[in-house]
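Build the full structure now, drawing on both the sequences and the hints.
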Amino acid sequence: MTVTDLLPYEDALATYDPVMGLEVHVELGTRTKMFCGCSTELGAAPNSQTCPTCLGLPGSLPVVNATGVESAIKIGLALNCEIAEWCRFARKNYFYPDMPKNFQTSQYDEPIAFNGYLDVQLEDGEVFRVQIERAHMEEDTGKSTHVGGATGRIHGATYSLLDYNRAGIPLIEIVTKPIEGAGDRAPEVARAYVAELRELIKALGVSEARMEMGQMRCDVNLSLRPRGEQKFGTRSETKNVNSLRSVERAARYEIQRHAAVLSTGGTIVQETRHFHEEDGSTTSGRIKEEAEDYRYFPEPDLVPVAPPRDWVEELRSGLPELPRLRRERLKTDWGISDHEMQSVLNAGALDLIVATIDAGADGAAARKWWMGELARHANESGVELPAVPITPVQVARVSALVAAGDLNDKLARQVIEGVLAGEGDPDQVVDRRGLKVVSDDSALGAAVDQAIADNAAIAEKIRGGNLAAAGALIGAVMKLTRGQADAKRVRELVLEKLGVQG
Amino acid sequence: MPGITPEEVAHLGRLARLELSSEELDHFAGQLDDIIGAVARVSEVAGEDVPPTSHPLPLTNVMRQDTVRPSLTPDQALSGAPAQEQQRFKVPQILGED
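So the sequences go chain by chain: A and B. Residues 1 to 502 (UniProt numbering) are what the first sequence spells out, left to right. Residues 1 to 98 (UniProt numbering) are what the second sequence spells out, left to right.
The hints are simulated quantities; they were obtained by calculation from the structure and are not laboratory data. Just to be clear, a hint being listed does not mean it is correct.
[Unchecked claim] Derived lysine-lysine pairs resembling DSS-like cross-links, with alpha carbons at most 27 Å apart:
no.	chain 1	residue 1	chain 2	residue 2
1	A	K143	A	K101
2	A	K92	B	K90
3	A	K239	B	K90
4	A	K231	A	K202
5	A	K488	A	K461
6	A	K436	A	K368
7	A	K202	A	K368
8	A	K143	B	K90
9	A	K479	B	K90
10	A	K202	A	K143
11	A	K231	A	K177
12	A	K497	A	K461
[Stated by the list, open to error] Across the chosen pairs, the derived CB separations fall in these ranges:
no.	chain 1	residue 1	chain 2	residue 2	range
13	B	H55	A	H274	35 to 41 Å
14	A	V269	B	S79	42 to 48 Å
15	B	G37	A	G280	52 to 58 Å
16	A	H274	B	G37	39 to 45 Å
17	A	A404	B	Q87	26 to 32 Å
18	A	W86	B	T5	35 to 41 Å
19	B	S79	A	G183	55 to 61 Å
20	B	A81	A	L61	19 to 25 Å
21	A	R329	B	D49	50 to 56 Å
22	A	D310	B	Q65	44 to 50 Å
23	A	G280	B	D26	47 to 53 Å
On a predicted model such as this, the values are computed, not experimentally measured, just so you know. Backbone N, C-alpha and C define an ideal beta-carbon position, used for all residues, glycine too.
Written out as structure tokens, the structure is:
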């Protein structure tokens with residue numbers, strides 16, 4: 001294998017201007033496939049979710065899934081697109097066994113949604129507008145297993161096995177217009193765009209958009225042109241980049257690779273490239289021109305889709321608050337800085353904090369627990385924050401116990417520790433570990449008497465009016481009660497017993 | 001009317017993975033030319049007032065509710081497959097040695 005030359009990133013950007021195009025496929029969360037009633041449930045036995053339609057058997061006829069169309073319109077509207085008055089499906093013909101029909105039902109020159117934009121916010125708060133070319137409806141392909149090759153890849157395989165359960169699952173492909181003007185921030189813009197799109201899709205409730213499960217996949221088109229030049233350079237298309245981090249790395253790698261080729265007088269080949277998660281590199285796939293002859297034509301088996309305007313307007317009025325605006329509102333409501341909000345987002349804590357507040361916790365307390373104790377726990381156990389074994393309702397309960405004075409911070413941490421260790425709900429942990437703050441006077445009184453007896457000299461100072469010395473006695477009581485005493489009540493008792501006014 | 005060249009037939013043949021002899025290329029070029037010519041006559045009679053259509057019925061928005069219907073069993077699905085393995089359709093090598 002030849003070593004790929006890369007130009008240092010800063011050098012590449014000093015000479016060249018990157019232009020990107022991002023194509024994102026989203027698998028919809030419908031119960032059935034796009035054109036037939038087969039289930040889309042994950043994890044089924046191979047070829048147990050197929051029928052004559054999705055197998056392309058003679059005589060079968062497709063009928064489009066109403067929820068699939070509705071989801072496409074919602075996505076289009078949320079991306080500020082126009083919704084087609086009338087559009088059709090088209091056959092994309094290609095000779096490859098991942099579609100048993102020998103074509104993929106897609107849309108060609110009549111997408112259901114077009115001409116939109118999505119505003120994305122970068123780390124430093126700058127908002128970058130990404131123009132959307134189109135969003136169209138299509139269907140996913142089957143799953144191939146290549147047998148006989150040393151690496152399980154298609155190259156060197158002697159034959160392949162096909163499971164068509166996934167063939168026909170609804171996909172929406174969202175295509176940006178060329179993204180220009182991002183300069184050295186192009187990889188960051190790419191990542192922020194895919195992140196924002198994922199949040200949007202989740203907020204719309206049309207898909208869980210889990211990239212690690214292939215429910216959302218990104219192709220990164222990238223080209224360089226000399227700075228100041230208007231004409232686009234030749235692009236490469238890096239396929240199936242399946243995490244936010246990978247989107248950023250793939251863009252960065254391709255900038256460096258293109259720059260190395262161009263700066264030594266070479267030419268970029270228009271081709272698809274494979275991304276490699278382990279080192280962030282890309283390698284050559286198929287030459288694009290050869291594969292592009294798809295001979296699209298209008299699908300004769302499906303009638304046109306002409307979304308009535310009242311339906312479109314009904315869907316528009318039902319759109320949820322957009323994620324960026326929601327974040328902006330929460331930031332203001334909570335009175336936190338851009339930087340603090342960014343930390344919350346990076347930690348994946350936003351929805352958890354909101355849910356904790358919805359369960360009755362005060363905003364500051366909810367943020368404190370999720371961003372402190374629980375984020376640390378997630379970090380130490382190497383899991384994402386939502387996977388930490390405590391629910392927002394449980395965190396809210398701990399917070400309520402603190403607010404009511406039943407727990408102090410130190411005890412609250414122990415309760416959380418107990419919940420994380422699987423000891424039950426906060427109240428159960430409090431009972432089992434005996435963690436309630438002691439504030440009843442008989443229990444505290446004995447400890448206060450003991451502390452006074454042990455610290456006669458300090459007690460004398462307090463009697464003499466030196467109230468600052470009370471801290472030492474309170475500390476002694478806390479020690480005697482293993483931190484479970486209500487500090488405020490202890491202070492009152494100390495002063496009372498020594499006969500001084502607080 | 002532009003004629004279909006044997007080169008274009010060869011290109012289509014390659015996209016469909018069909019191996020065609022030079023006699024066949026010439027033969028099909030002539031036939032495809034005739035077919036395209038016949039279809040092209042439609043545009044002679046279709047005036048400005050006749051919109052292009054891909055469907056003979058004046059229907060739109062024929063949709064299905066998102067309700068699961070029974071699928072075939074894997075055995076039924078695979079019953080027409082020339083070869084199968086691990087309950088999957090078995091197909092010959094997809095890419096050549098390149």
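A quick look at each hint next to the structure:
1. For the hint linking K143 of chain A to K101 of chain A, the alpha-carbon distance of about 14 Å falls within 27 Å, and the restraint holds.
2. Our distance criterion of 27 Å between C-alpha atoms is met by K92 of chain A and K90 of chain B, whose separation comes to about 23 Å.
3. For the hint linking K239 of chain A to K90 of chain B, the alpha-carbon distance of about 25 Å falls within 27 Å, and the restraint holds.
4. Pair hint K231 of chain A plus K202 of chain A does not hold up; C-alpha atoms about 37 Å apart against a cutoff of 27 Å.
5. Between K488 of chain A and K461 of chain A the CA atoms are separated by roughly 20 Å; this keeps the pair inside 27 Å, and the hint holds.
6. Simply put, K436 of chain A and K368 of chain A have alpha-carbon atoms about 21 Å apart, close enough for the 27 Å limit, and the pair holds.
7. At roughly 26 Å between alpha-carbon atoms, K202 of chain A and K368 of chain A fall within 27 Å of each other, so this suggested pair holds.
8. A C-alpha spacing of about 12 Å is found between K143 of chain A and K90 of chain B, which places the hinted pair at or below 27 Å, so the restraint holds.
9. A C-alpha spacing of about 73 Å is found between K479 of chain A and K90 of chain B, which places the hinted pair above 27 Å, so the restraint is violated.
10. Between the alpha carbons of K202 of chain A and K143 of chain A the distance comes to roughly 25 Å, so the proposed pair stays at or under 27 Å and holds.
11. The straight-line distance between the Cα atoms of K231 of chain A and K177 of chain A is roughly 15 Å, inside the 27 Å bound, and the hint therefore holds.
12. Between K497 of chain A and K461 of chain A the alpha-carbon distance is near 14 Å, which keeps this suggested pair within the 27 Å criterion.
13. Remark: the range hint 35 to 41 Å for H55 of chain B to H274 of chain A is upheld by a beta-carbon distance near 39 Å.
14. Evaluation of the 42 to 48 Å hint for V269 of chain A and S79 of chain B yields a pass: the beta carbon distance comes to about 44 Å.
15. Separation of G37 of chain B from G280 of chain A is about 54 Å and conforms to the stated range, judged on CB atoms against 52 to 58 Å.
16. Between H274 of chain A and G37 of chain B the beta carbon distance is about 44 Å. The supplied range of 39 to 45 Å therefore holds.
17. The given range of 26 to 32 Å is broken by A404 of chain A and Q87 of chain B, whose C-beta atoms sit roughly 59 Å from each other.
18. In this structure the hint that W86 of chain A and T5 of chain B lie 35 to 41 Å apart at CB holds, the actual value being about 36 Å.
19. Distance hint check: the CB atoms of S79 of chain B and G183 of chain A are about 58 Å apart, consistent with the given range 55 to 61 Å.
20. In this structure the hint that A81 of chain B and L61 of chain A lie 19 to 25 Å apart at CB holds, the actual value being about 22 Å.
21. In this structure the supplied range 50 to 56 Å holds for R329 of chain A paired with D49 of chain B, their Cβ-Cβ distance being about 53 Å.
22. At roughly 19 Å, the beta carbons of D310 of chain A and Q65 of chain B sit outside the given window of 44 to 50 Å.
23. A hinted range of 47 to 53 Å holds for the C-beta pair G280 of chain A and D26 of chain B, which are about 51 Å apart.
Checked against the numbered hints listed earlier, the structure breaks hints 4, 9, 17 and 22; every other hint is satisfied.
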